[in-house]
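Work out the full structure: start from the sequences and follow the hints.
Number of protein chains: 2
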Amino acid sequence: MKAEPTFLSATAAVDAAAVAPLPNSRKVFVEGSRPDIRVPMREIRQSDTPAAFGAEPNPPVYVYDTSGPYTDPAARIDIRSGLECPRAPWIAERGDTEVLSGPSSAYGVERLHDAKLAELRFNLQRKPRRAREGRNVSQMHYARQGIITPEMEFIALRENQHRAEYLASLVEAGPTGKRMAALLGRQHPGMNFGASIPNEITPEFVRSEVARGRAVIPANINHPEVEPMIIGRNFLVKVNANIGNSAVTSSIGEEVEKMTWATRWGADTVMDLSTGKHIHETREWIIRNSPVPIGTVPIYQALEKVNGKAEDLTWEIYRDTLIEQAEQGVDYFTIHAGVLLRYVPMTANRMTGIVSRGGSIMAKWCLAHHKESFLYTHFEDICEIMKAYDVSFSLGDGLRPGSIYDANDEAQLAELRTLGELTKIAWKHDVQVMIEGPGHVPLHLIKENMDLQLEQCHEAPFYTLGPLTTDIAPGYDHITSGIGAATIGWYGTAMLCYVTPKEHLGLPDKADVKDGIITYKLAAHAADLAKGHPGAQIRDNALSKARFEFRWEDQFNLGLDPDKAREFHDETLPKESAKVAHFCSMCGPHFCSMKITQEVREYAAREGIADNAALQQGMEVKAVEFVKRGAELYHKQ
Amino acid sequence: MKAEPTFLSATAAVDAAAVAPLPNSRKVFVEGSRPDIRVPMREIRQSDTPAAFGAEPNPPVYVYDTSGPYTDPAARIDIRSGLECPRAPWIAERGDTEVLSGPSSAYGVERLHDAKLAELRFNLQRKPRRAREGRNVSQMHYARQGIITPEMEFIALRENQHRAEYLASLVEAGPTGKRMAALLGRQHPGMNFGASIPNEITPEFVRSEVARGRAVIPANINHPEVEPMIIGRNFLVKVNANIGNSAVTSSIGEEVEKMTWATRWGADTVMDLSTGKHIHETREWIIRNSPVPIGTVPIYQALEKVNGKAEDLTWEIYRDTLIEQAEQGVDYFTIHAGVLLRYVPMTANRMTGIVSRGGSIMAKWCLAHHKESFLYTHFEDICEIMKAYDVSFSLGDGLRPGSIYDANDEAQLAELRTLGELTKIAWKHDVQVMIEGPGHVPLHLIKENMDLQLEQCHEAPFYTLGPLTTDIAPGYDHITSGIGAATIGWYGTAMLCYVTPKEHLGLPDKADVKDGIITYKLAAHAADLAKGHPGAQIRDNALSKARFEFRWEDQFNLGLDPDKAREFHDETLPKESAKVAHFCSMCGPHFCSMKITQEVREYAAREGIADNAALQQGMEVKAVEFVKRGAELYHKQ
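From first to last, the protein sequence lines stand for chains A and B.
Just so you know, we're using UniProt numbering here: the first sequence kicks off at 1 and counts up by one.
Just so you know, we're using UniProt numbering here: the second sequence kicks off at 1 and counts up by one.
It cannot be assumed that every hint is accurate.
Identical copies look the same in the list; a pair holds intra-copy or inter-copy alike.
[What the hints assert, rightly or not] Simulated crosslink set (DMTMM-like; lysine to aspartate or glutamate; CA at most 20 Å straight-line): (1) K510 / E571; (2) K309 / E599; (3) K564 / D509; (4) K309 / E602; (5) K309 / D36; (6) K27 / E98; (7) K510 / D570; (8) K305 / E165; (9) K277 / E254; (10) K428 / E172.
In short, the hints are calculated from the structure, not lab data.
Pasting the structure below:
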């Protein structure tokens, strides 16, 4: 075995590019009902409107911040020590857990005592926790008892993004602020296909959604570093980023870097899909340094333990792996328990068979043993483990289609029905569940996936990969799938699993990770806008205003990727002066539609046509009156 | 004035990267009813299935080819001479046109005799054509008289892509071919929102669609170099690429290169939006070398002629510009004739006012003169020009929304109604019309745009820019808009105007042009699949089969961008041997879901479960029986 002594020294401090605050941004905290509930948000400052456009101050904009302490200059980052643990007191004070003397999985013990791993091992002083005998520590269990946990309150504050206070403070600031609140706060009514999104997310609403299974809070008691977040159709659409090494390439250091990089750009959760060497150690480093929930597919590691021979897998090995990972703090497990023996032959006539790794492992096992999968037969045993650590199920779609050809076929839909049955069983144990979905689906068949999932899985949150809407663009599958992701997010999917440009071709590097995340963040946001998620349009409105007023820096900074926007702008017009110029490279100085519009507006104002009162009140009724009056004026000509 | 003497020598031969055939591809021609109807298609050869998967030959795949003679090794490319003119005999033999002694626009004459322009001028020996007195040379006029032109027959063959013959020849080749035809030819029934897409496109169908205005064939009689194509809801969804210099940057040579580059990657039409110096000369070079229709916005050039002062524009200057460009061979004109005086004040309370350049020019003119726009008052005069050269209208959406905030507002929808009225007037003259659309629209409001357009513009083809589904991702607006484009294409838009990653930030370079086109090609294809366009799924199926069988080279070559796919693959596994390896970098040699699937399939076959007869006949009914039988087998266990 090759130890990697350079790893620790080289990356003890995280990549500087991944920890600097984003431009013109600072991390602010909204405090909850107790001082240790401190919800981070990113405040993006704006410059004033240029004199030519009215010289008014523009308020900062608050956006959801997944980057954790990394973008907080006040935080000390040392990945050898891991992050601070905001959840630690909440977990401890509930008094329903006990601290173990050490790992209780056989494999965990073995790795801990393997001297050869010393240099690779994260030096975790803390011992794992587990529920006391007979206790259930899942957020769903608390929710069903009517308990609002600090995690739930944290989430309510986080989802609201400070919006009510923000708009109220603008209105109180006087006429300009009032006008600004009307402009920024205006939003198209959405179309949400039966979702129940309240105007304001309360802690009680979070609790009720978790209690009825419509949302999950992935928050293992052994991951106290996490900043709580929620996945559900009535909340902001979330994005997951996959990382992980393979036998072919990549090291622990790279994976930790990918995780911090992914959360910097907006990943709400990260899945560690490592399949190569040192899976256990890689995972420990990632979790200890991750402010977002971590998901895994435990069967990958179990398979490594039997040297890649699927038929040698046993329930005992799998069970030990679940405990091993639960005690490290994995927040959700993808478990392909719906791959039933009788579904396997349904895939034989497919174009691309079984493309899910977990699905194909279990299919092979089922056929080799002529038995139902141990994930299915031991499902209630798995529930017992999940509730002892609060690991959420992500019920895997082992039979998802791997091509447009195979979309929505019998194998896929049969498995979905089984996932619905398993959801009911998990809920009987108060264990949190989300359901994974396709894959490759043409645009017009996406809705059927969402509708069947809602119906058959009883509104458990849907967590989809893409779907890719065509197979003909390898190298651009972040886009073929981003189209499907925005669409299924609009229809009701709660979390979108990103796809990078390298999908089907190779392992993503940092640039691919970023491309995948930004694509999925914009897809998730397009879905939020379409659903009419309250306040979602504020950022669009602010950015559009900045664009119209030629506030280039604000336009860059309000975007999902300020660095790239600035770089693109500077390629054409690199001079600093151009960033305040009232024209841009597309049209040149004599030919700017926005400049002309401004003249139109001034002209209209001069002629008494533009009624600023209508504008200030931001009311559509007024706008309609204004338009009528304007039209009459002109008709008189 | 700075002449550009290096231009001609440096680019007399076009960039080598833009003229090489794509990998494993060759240009083939399908001949029509006469030998001079030769329809180009791209044939992509495939390798045999590896022995492990059955060692069968894989047939070539035929795809729509927009690249013109540039990818034909048999063609001699010399951009100083321009392309061959396949349409020349068709135009001449109709006997309804006359060859003029020279340009009939004042500006055309002026430029021709300006000695300073000698070095920049394309040396066109050919004189312009115009309809004989009293004649109408539009494809719509012919169509309405029941005439099927060679252009229409060319288009019918082109749209079918050889599919019926292709599948028939496979079936005739024996059992393997039959099975292959069933596999490749299988397709999900689509959902097309009332489109009328026949299984086979006949020349008569093309004629009837053009006659009723549901499709346009942009084909100026002065652009005989064009390979005819059609834009309509019942045909393949098309993609337009914008190029053009501005006062700030870019030269003639670059624009010609962008045009050949754009068509190489699939642009069905190209708009030359130049606004800088030498607009006239740039356009001549582009048209003479373009195998695809060229569109322009004549008001841009008219504005240059009055030194950028919108209020100085006159009908006479605009008219002269239309004739100048029509005699150069522009195939469609964007004309913002729907910007009425009374609509202008409707934009005063917008977030981003009027963002269309043409729209803002006309709005300014209307306000300055307190008169209705000359584009509107002289609309029938414009029709007279259009029908004398067969230039198609692209009725511009001068009041399209420039932000999510402004989407679907009164200004936008009022203009759309006027465009519908103008459509009727143009049709009265047998002049072809398409309608331009937004812009920035959240996902859930896109359908309203399409529905209103179909209703109010009487099914004239819709030609949309995006729409962008959110404003928060500058630098990624090819994707924010690709989502909207796929969606509106599915709903019925006939042509999608691309957006590049530089949108809102700078002028696109060649890399951006390619990113924009590939994004829009995949969006258009996703729309074709969703509409159930006959045969659209063949390429997806072939690529998926190649992917499943680890035919890496075939997977690359069947994709929209073989170069990028290969580059991405080689970044992770650069060795040539890896391209035939039965695993890939994502999972490594011991851990491949496709390998496991293959084992599942072999296992099922060994156990007598997989019924190859079902597979060979490719019939779903059989597959269902098979699945049932498989399930029963297992239930017996």
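Structure-based check of each hint:
1. K510 / E571: Close across copies (13 Å), not inside one copy (22 Å); limit 20 Å.
2. K309 / E599: Classified as between; 12 Å across copies, 72 Å inside a copy.
3. K564 / D509: Both ways: K564 and D509 sit 17 Å apart in one copy and 15 Å across, limit 20 Å.
4. K309 / E602: Between. Shortest inter-copy distance 17 Å satisfies the 20 Å Cα cut-off; intra-copy 74 Å does not.
5. K309 / D36: neither (48 Å within a copy, 62 Å between copies)
6. K27 / E98: Neither: 34 Å inside a copy, 72 Å across copies.
7. K510 / D570: between (23 Å within a copy, 16 Å between copies)
8. K305 / E165: Neither: 53 Å inside a chain and 53 Å across chains, both beyond 20 Å.
9. K277 / E254: within (13 Å within a copy, 50 Å between copies)
10. K428 / E172: neither (49 Å within a copy, 58 Å between copies)
The structure fails hints 5, 6, 8 and 10 (numbered hints given earlier, in ascending order).
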